[in-house]
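Under numbering that gives the first Met the number 0, think of the first position of the sequence shown as 0, with each following residue one higher.
Keep in mind the hints are simulated off the structure, nothing from the lab. Fair warning: there could be bad hints in the mix.
[Unchecked claim] Here are the in silico distance ranges between beta carbons for each label pair:
(1) 88 with 26: 27 to 35 Å
(2) 113 with 63: 43 to 51 Å
(3) 95 with 153: 37 to 45 Å
(4) 167 with 77: 50 to 58 Å
(5) 95 with 149: 18 to 26 Å
(6) 157 with 18: 25 to 33 Å
(7) 109 with 151: 15 to 23 Å
(8) 174 with 29: 20 to 28 Å
(9) 104 with 188: 33 to 41 Å
(10) 31 with 149: 35 to 43 Å
Glycine included, every Cβ here is placed at the ideal spot set by N, Cα and C.
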Amino acid sequence: MEMTRQSEALNRKILLAGSRLWSVTEAFFDHPDLGRLLPEYLFLVHCSMRATVPLMEAAERRARELSEADPVAARLVPYFQEHCQEEMDHDEWLLEDLEALGVERASVLGRTPPAEVASLVGAQYYWISHAHPVALLGWFAVLEGNPPPPEMVVRLRERTGVPERALRTLYEHAVLDLHHRDDLNDLIDSLALRPEHVELMGLSALHVIDQLVRILDRVMILAGNGHVH
Numbered sequence: 000m001e002m003t004r005q006s007e008a009l010n011r012k013i014l015l016a017g018s019r020l021w022s023v024t025e026a027f028f029d030h031p032d033l034g035r036l037l038p039e040y041l042f043l044v045h046c047s048m049r050a051t052v053p054l055m056e057a058a059e060r061r062a063r064e065l066s067e068a069d070p071v072a073a074r075l076v077p078y079f080q081e082h083c084q085e086e087m088d089h090d091e092w093l094l095e096d097l098e099a100l101g102v103e104r105a106s107v108l109g110r111t112p113p114a115e116v117a118s119l120v121g122a123q124y125y126w127i128s129h130a131h132p133v134a135l136l137g138w139f140a141v142l143e144g145n146p147p148p149p150e151m152v153v154r155l156r157e158r159t160g161v162p163e164r165a166l167r168t169l170y171e172h173a174v175l176d177l178h179h180r181d182d183l184n185d186l187i188d189s190l191a192l193r194p195e196h197v198e199l200m201g202l203s204a205l206h207v208i209d210q211l212v213r214i215l216d217r218v219m220i221l222a223g224n225g226h227v228h
């Protein structure tokens, strides 16, 4: 009997656990007041995206510390190095997108990120430092494995009438993340993962799903209360 690939097992877990995320994502993109929600949504995406490169730098440092005695950690070092370069300055893209919507970057950078984003990102730092940097692959399996498809971004623009340049980051990642997803799956399948690695990646992925649901719910709840910035 053919063995299930490690990446397939992780992605199946994400698919099974992600129904709430797919549902709330659809609800967000179908929201009748989507144009008013968009700046807040992009602000929250920026809050997490600005942490992507620092997270990988922390994961690379920890993987390097473990690499001499840990073949999984050793394989992660070049992956994080390369992916850092690929993700560099994408948070700057989002600041430019928000400026195209009339939101000043100083107001974005001056706002305190909400607890949902702190939990999303902070859990990764904990697992990187106190468990294993392989945890961050669960983060990427969700965020890069399930980007909003290009047609959803097109629908967003058609419904809101915002300038195309305001959606640059979403457009770019709808395409780039498909390649990143394939690279990630190849990496996962090449690793000699132990059961604790598999468990940690899955736990990380499930936490990302849970916090993304909370973040999207937050935007729509604030909109309903008339408190969207």
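Okay, the hints, checked on the actual structure:
A C-beta distance of roughly 31 Å is found between residue 88 and residue 26, which places it inside the suggested range of 27 to 35 Å. Remark: the range hint 43 to 51 Å for residue 113 to residue 63 is contradicted by a beta-carbon distance near 32 Å. A beta carbon spacing of about 20 Å between residue 95 and residue 153 contradicts the range 37 to 45 Å that was offered as a hint. The hint said 50 to 58 Å for the Cβ distance between residue 167 and residue 77, and at roughly 29 Å that hint is violated.
The hint said 18 to 26 Å for the Cβ distance between residue 95 and residue 149, and at roughly 20 Å that hint holds. Between residue 157 and residue 18, the C-beta spacing of about 26 Å keeps the proposed range 25 to 33 Å intact. Between residue 109 and residue 151 the CB atoms are about 30 Å apart, so this pair departs from the stated range of 15 to 23 Å. As the Cβ distance of residue 174 to residue 29 is approximately 23 Å, the hint placing it in 20 to 28 Å holds.
The hinted window of 33 to 41 Å between residue 104 and residue 188 holds, with their beta carbons roughly 40 Å apart. At about 23 Å, the beta-carbon gap between residue 31 and residue 149 misses the expected band of 35 to 43 Å.
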